[in-house]
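Chains as they are written, first to last, in the working numbering: chain C, 1 to 251; chain B, 1001 to 1125; chain D, 2001 to 2231.
Read the hints as simulated data drawn from the structure, not as lab findings.
A couple of the hints might just be wrong.
What the hints assert, rightly or not - Examples of chain B residues lying across from chain D (beta carbon under 10 Å, computed):
| no. | residue |
| --- | --- |
| 1 | Leu1013 |
| 2 | Asn1043 |
| 3 | Asn1045 |
| 4 | Thr1070 |
Glycine included, every Cβ here is placed at the ideal spot set by N, Cα and C.
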Amino acid sequence: MFKLVKYELRANFLTIIGICITVIVASLLLMTKKGTWTMAVPALSACFTIGSMIVIFIASLKIMSQYLYGDSGYLLFTLPQSGKSIMASRLLAALIQISIVGIVTILMFYLTVTEKIDFSFFKTIKASEIIEYIISYIWMIISSLTIIYFCMIIGKVALKGKKIGKVGSFIIFIIISLLISWLSFKLMAVLPQTLNLSNFTISNGSVLNLNPTTSSTAFTVNIAQTIFDIIIFIGLFMTSSYLIDKKLDLS
Amino acid sequence: MVTEFNDKTPIYLQIMDIIKMNIVTGKLKANDKLPSVREMATNLNVNPNTLQRSYQELERLKIVYTQRGTGTFVGEEKDMVDDLKREMAKEVIDSFILRMKNLGFNDNEIIKSVSKETMEVKSNG
Amino acid sequence: MDNILEAKEIRKSYLNKKALRGINLNIPLGKIVGLLGPNGSGKTTFLKIAAGILHQSKGEILIDGNIPGVHSKSIVSYLPDNEYLLKWMKVKDAVMYFKDFYSDFDEIKAKELLVFMNLDENDVVKSLSKGMKEKLKLTLVLSRKAKLYILDEPLGGVDPTAREKILNAIVSNFSKDSSMIITTHLVNDIERIFDDVAFISEGEIVLEGNAEELRTSRKKSIDELYREVFQ
């Protein structure tokens, strides 16, 4: 599986570099305009940051689409690699690619926008908070990609034709996202127990339960929702792997 | 070496003919080693199993013999070359007679035309 | 004799078309089989099913006794008809790729074949001509010590001199421990390397047999037989 990741990263190396360089150059240009375009600089910089993240995210989808509908799939799907290995390597490679772009663009945003370079705020962040943010970030990327990849694979397996398949995937994605959100919401209402991951206490999440000693940045999650999300993720991942192994037909 | 095979008749027979010819003309002498199946197959761009069959048939006809692990060799039987020569000549002659008869020649006419043609070839050098 | 490929009543239907209507084919080890037919006859469809990237609608296919899957992909070396090489790679990258993922890949043989085919390690796939890409694809596929080689139109789009080289590489690759199934519509060039041939038309095998026996019984070359069958 890690060999697959290696080749995925090499294949899209230029895209990543391209995005990073574009953002760096654009940010440098903005920095020169710091004095004159006071309103526009932070706004534009934010646009570059968000824009580049969108671009790399969409590129991650395009790569999967090319595997499913294009010629490069012939090379990948004739390898003696299981569906799980292929899914896992694609998710891991996407995570790495998005993270690289993310780090570069956010750094550039900070450098463009800040008045003086001061990294002292790093001292005020707790280690546990950093871990929380990183885990949430990884979870967000991996779970959303898994859902989308699942929909793409279903679209390819169930629907014949490139256009129909892609449109179908999109529709399925909308349906599934809504379904998951709705179920998630319902679960949260029925089982409101939350888990505070900073001090591992369980509270019943009632809005009236104001505990002044709890830090407002405490990382609390709804237990039922989290378990549900994890089950959904595992389910979609395994189903996608199964479909790749047994049902995928390359035209 | 790309030999022009006639794909209408079994290739293994054609290969046998080539080898027999080489023996008759002396290109291959008694106890000479024939190229390996693989080597010959690659040279001729022919299926190795076909080569194998040719060699096996030649062995059955006692024209070649195989030594396990060493290879296939031209047989050393005393009269083998002469027998082969005669056999191949008979094939040529039989086919010739058939074709001449198809043209309408009778036996005497066939013999006369052969004498005439061989004389002419001699005098033309 | 152990069959490396056993196909029973393989059918493949699409919404508007029946690509395969019951293919029965057994290939023992040590044979080179030609699957001959015009475009659209179903030969590529059948090969893809054997390669594991397409799944039959009905019927059974076993590769070395297994359903097509991860194991069969490790013993099957498949040459597809289309351009599947990654364009960003150099020739040597493609060799490394195969080496990384296939434990039966023979790097030394690959290097020899590259020399034989006049391919430069440092050329980028994108810059290669169609004929050179075909030669590279074939180099990669034949450098594996697979049990079953599936070659879909290995001579397509290649000039006659290159064809000789490709045929030569295929013949010298032959071994009693493996088999090949080759499709082509250039029957004339390739017929003498076939042990057996199967003619496929509109999803069905209409004639099959040993090539030499067919030559004896029909007094025709396989190429002539092909023209006769596919008038």
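Right, here's what the structure says about each hint:
{"no.": "1", "hint": "Leu1013", "in the structure": "holds (8 Å)"}
{"no.": "2", "hint": "Asn1043", "in the structure": "holds (9 Å)"}
{"no.": "3", "hint": "Asn1045", "in the structure": "holds (5 Å)"}
{"no.": "4", "hint": "Thr1070", "in the structure": "violated (19 Å)"}
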